[in-house]
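Chemist: These protein sequence lines map, in sequence, to chains A and B.
Here the first sequence is numbered in my numbering, starting from 7 and rising by one per residue.
Here the second sequence is numbered in my numbering, starting from 55 and rising by one per residue.
Check each hint, because a few of them may be wrong.
[Unchecked claim] The list that follows gives simulated cross-link-like pairs (lysine-lysine, BS3-like), each with its CA atoms no further than 25 angstroms apart:
1) K158/A / K62/B
2) K187/B / K210/B
3) K210/B / K192/B
4) K143/A / K62/B
5) K219/B / K301/B
6) K187/B / K100/B
Rather than coming from a laboratory, the hints here were simulated on the basis of the structure.
On a predicted model such as this, the values are computed, not experimentally measured, just so you know.
One-letter residues, chain by chain:
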Amino acid sequence: MPQTQDFNHELADSHLIKRPLAICANALSFTYSNSLDPIVQIPKWQVVVGERVFLQGASGMGKSTLLQLLCGLRIGSGKLSVEGVELAQLSAAKRDRFRAQNIGVVFQQFNLIPYLSSLDNILLAASLAGRANAQTKALAQSLLSDTGLAPKLWQQRADTLSIGQQQRIAIARALINSPSLLLFDEPTSALDEVNRNLFMQMLSTYIEGHKNTTVIFVSHDTRLASYFDSSIALSELSSGRAGEADNHAH
Amino acid sequence: MHINRMLKVAWQSLLYRRGSVVLTVIAIAVSVFTLLGTEHVRQAAKQGFNSTVSGVDLIVGPRTSDVNLLLTTVFRIGNPSQNMSWDSYQGLINHKNVAWAIPISLGDSHQGFRVVGTEAPFFTQFQYGQSRKLTFTKGRAFSDVYDVALGSQVAKQLRYELSDKLILAHGLSATSFHKHDAYPFRVVGVLAATGTPVDNALYVSLAGLEAIHQPPSNLHQPPNNPHQPPNNPHQTPNEQSSEQQPKPASITAAMIGLTSKLATFKVQREISTATQEPLSAILPGVALTQLWQMSRGLENTLQLMARLILFASLLGLGAMFLATLRERRYELAVMRTLGASSLTIFSLIEIESLSVALLGILLGCRHLVLVITIANPWAVAEYGIDIGLARVTSHHLITLSYVLFGAMLVGAVPALMGFLRSR
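Using the sequences provided together with the hints, build the complete structure.
Modeler: As structure tokens, this is what we get:
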């Protein structure tokens, strides 16, 4: 896996960062083919390993596109390294592999393959990361147990579960490969208060035990910002005010 | 992704869409059934016809087309409109190049089965398949005027045993109003199964056939050929010597074997150009070739229709997957986010397409076996053609591989679209 040449250099440049960078964006820009204006334009952005960032922004600001860039589903112009790896330098196949092994993603909805059981949804993620082995199933069951989902529902088809249950399973699936980067795209917006609290509780518990996992949590619900180390608006990223990786700490 | 996991995902995906999948599977099953069924019956009929007669050099009968004479004489399909005279038959026997001759006389029946009037050489000279001779599972060939030997299917279906008595009927319909009640025949033998029309007939002597067509008043004074001297009026036909037994004035046809194959065309020409009676002499193999040439148009039409049905069902398969792509966009997006490559997405849709085709093939083959198993006794009884599935031939496998290849091709279209959309 090619390391970005300036990864350690970036680390040395910053006086505030004591840990390596999980995300390093320089002049990152992305424009859809049917548009003239870039949807994402970030002069400079750095997130250190283990940092939990709350990213807010109105709809249509490019939050989801940014997450797609971060997980290598889209390639923009400029430089973007994730966990020290410049994604644009990887072949499509290696990028897919990198995503499967290092990044966990939870969306707003439609997170699960509807015809697979909860357990199979999680095992699919492990299989795509090349980690399907004897211990994987036990780990998947353990993660499902953490979701609070009754074991009898583990074999039930995903589309028969409630949205709240599906979102918790989505977290379990995102965690099965012990990712170094977790991306959340409005994961609580379809949940009621009870399920939202359950979701955030589960996420907090995981974060507590995994100090080296970097989290980017995109939401327009600013009440959730308190769960994270720092909060930043997408507009600030675009204006370059987050360039020094000194976001608004709580 | 591990192949087992991919197969499981593909299977679950198909189950999730089982409504449209089942319809597509049925469509493919129907096309496979038609494609394999028509070809199988065609091959079985061809093989059955080809193996019906063996070792016969010429078939001689009244002037008619080669195919008509072949169908009437060998396969007993259709009715003879004319006969050849007994004198002409005698002339054949006495021909220097003729080694043996089997007379065939048709026109009567028994409960829907044809009655064949013939003579002893039928049981010793007639061959079928790969030069196989007729054998008896029970009893022997007829020796007396009112003896009858049964084909295996006749004995099986009508449950006749040796020494049972049976009555022949005039004409060929299953229900005849004109029965030869006064002349019961005694079962003396049952032939071993041959898988040819031989199994579906009863065999009596020409003398027996001639005797039953005499008026009842002649019961103890059997009629004679006009060329023969009168019989002892106190003897039944069974008690008469073979010379005294009644001989027919004419027969339907005769199968002949020659002393040398080299003489075949010479004898054929002699018979065909004989002036005393217009006769045809045909080579069974040549007549069969003519028959296949005549039926080739129908065969090709059936094959074309079967292939069109397959084409339509495969298009349906492609259309089904294309239609589901829209509803699967989130599912495919989730897979891509989880790290599935575009190639994985392509492979997944291809596996689903091939699975549907495979299910259709299995269903089609299963029903084909079922239908053939049910229809085979009828085909054997009606036409003497065994259409049973003896084994899977390379032709079956090639046809099925075409179906799978076709499914792979049409599945590639939605798979490619899924691939491109997921890039």
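Chemist: Please go over all the hints and tell whether each is borne out by the structure.
Modeler: Taking the hints in turn, this is what the structure says about them:
1. K158/A / K62/B: 20 angstroms, holds
2. K187/B / K210/B: 20 angstroms, holds
3. K210/B / K192/B: Judged against 25 angstroms, a Cα distance of about 12 angstroms means the pair holds.
4. K143/A / K62/B: 15 angstroms, holds
5. K219/B / K301/B: 23 angstroms, holds
6. K187/B / K100/B: At roughly 20 angstroms apart (the allowed maximum being 25 angstroms), K100/B and K187/B satisfy the hint.
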